Amino acid sequence: DTEVTQTPKHLVMGMTNKKSLKCEQHMGHRAMYWYKQKAKKPPELMFVYSYEKLSINESVPSRFSPECPNSSLLNLHLHALQPEDSALYLCASSQAGVLSGNTIYFGEGSWLTVV
Amino acid sequence: QKEVEQNSGPLSVPEGAIASLNCTYSDRVSQSFFWYRQYSGKSPELIMSIYSNGDKEDGRFTAQLNKASQYVSLLIRDSQPSDSATYLCAVMNSGAGSYQLTFGKGTKLSVIP
Chain L
892 DTEVTQTPKH
902 LVMGMTNKKS
912 LKCEQHMGHR
922 AMYWYKQKAK
932 KPPELMFVYS
942 YEKLSINESV
952 PSRFSPECPN
962 SSLLNLHLHA
972 LQPEDSALYL
982 CASSQAGVLS
992 GNTIYFGEGS
1002 WLTVV
Chain H
24 QKEVEQNSGP
34 LSVPEGAIAS
44 LNCTYSDRVS
54 QSFFWYRQYS
64 GKSPELIMSI
74 YSNGDKEDGR
84 FTAQLNKASQ
94 YVSLLIRDSQ
104 PSDSATYLCA
114 VMNSGAGSYQ
124 LTFGKGTKLS
134 VIP
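In order, the protein sequence lines correspond to chains L and H.
To get my numbering, take the position in the first sequence, counting from 1, and add 891.
To get my numbering, take the position in the second sequence, counting from 1, and add 23.
If you are wondering where the hints come from, they were derived from the structure by calculation, not from laboratory data.
Since the structure is predicted, the reported quantities are computational estimates derived from the model, not experimental observations.
Yeah, the Cβ is synthetic: ideal placement off N, Cα and C, and Gly gets one too.
You may find that some hints are simply not true.
[Unchecked claim] Here are the simulated BS3-like cross-link-like pairs (lysine-lysine), alpha carbons at most 25 Å apart as the crow flies:
id	chain 1	residue 1	chain 2	residue 2
1	H	K25	L	K929
2	L	K931	H	K79
3	L	K931	H	K131
4	L	K932	H	K25
5	L	K929	H	K131
6	L	K932	H	K131
[Stated by the list, open to error] So these bits of chain L aren't anywhere near chain H, every CB distance computed over 10 Å:
id	residue
7	T898
8	L936
9	S953
[Said to hold, decoys possible] Below, a sample of chain L positions facing chain H; criterion: calculated Cβ distance under 10 Å:
id	residue
10	E935
11	I947
12	P957
13	Y996
14	E999
Let's have the full structure, built from the sequences with the hints guiding it.
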């Protein structure tokens, strides 16, 4: 079982709605990630937080707004999304500051449908 | 641009056979390599990690790494229908003070009963 928990598992939202995806891990990891995955494609990195600070933003549109309130939690705030944003959103975590021997663990994902 | 290349398949093998999945990567300084299994509609599940040249075995799975050739592979022995999934090769790279995975496009494996 994954130790990265994502909620909700499924979300349907309108283009004018504001919603949030939530992620929690209790492995003591200090790096957390958001990935987006479209059907039949590999996951694509969106954001990386390291020690609760945003370290990588892969040119993601501002309608996606990440937040890392503490070392265990990661949120993704959604506003004014487009239907093409419908995808599986994956949260992941890993140790920070370590490359050799490090591993990234994924949560079960949140399926987002924008109507 | 850091790239990870995989044969997209599909790869079909009979039940009980060995399935061989291959991956090459472009960043010569990469140190950490992973195979994730992803069932349709599910998130990627880590099945193997390898950090040193050579072979690493875990049950029916063997990962092989050759850093000089920038090549990593996954062998699945005694393949089972439950192994039918997409297998994602991933390489961890550092940048901007943190780490990230670069994925290949995945190889779809079908194990035929």
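Okay, the hints, checked on the actual structure:
Between the alpha carbons of K25 of chain H and K929 of chain L the distance comes to roughly 20 Å, so the proposed pair stays at or under 25 Å and holds. For the hint linking K931 of chain L to K79 of chain H, the alpha-carbon distance of about 28 Å lies beyond 25 Å, and the restraint is violated. About 10 Å separates the Cα atoms of K931 of chain L and K131 of chain H, which keeps this hinted pair within 25 Å; it holds. A threshold of 25 Å between alpha carbons decides the hint, and for K932 of chain L with K25 of chain H the separation of about 17 Å falls inside it, so the pair holds.
Between the alpha carbons of K929 of chain L and K131 of chain H the distance comes to roughly 16 Å, so the proposed pair stays at or under 25 Å and holds. Between K932 of chain L and K131 of chain H, the direct Cα distance comes to roughly 11 Å. Compliance with the 25 Å bound is thereby established for this hinted pair. Every CB of chain H lies more than 10 Å from the CB of T898 of chain L, the least distance being 14 Å, so the non-interface label holds. L936 of chain L, annotated as away from the interface, has a beta carbon of chain H within 10 Å; the closest lies near 5 Å.
Remark: the non-interface label on S953 of chain L is consistent with the geometry, its nearest Cβ contact in chain H lying 19 Å away (cut-off 10 Å). A least Cβ separation of about 8 Å between E935 of chain L and chain H falls short of the 10 Å threshold, and the interface hint therefore holds. Here the hint on I947 of chain L is kept, as its CB sits about 5 Å from the closest CB of chain H, short of 10 Å. Hint status for P957 of chain L relative to chain H: violated, with the closest Cβ pair at about 13 Å, above 10 Å.
Residue-level restraint check for Y996 of chain L holds (minimum Cβ-Cβ distance to chain H is 7 Å; threshold 10 Å). The closest approach between the C-beta of E999 of chain L and any C-beta of chain H is roughly 5 Å, which is under the 10 Å cut-off, so the hint is satisfied.
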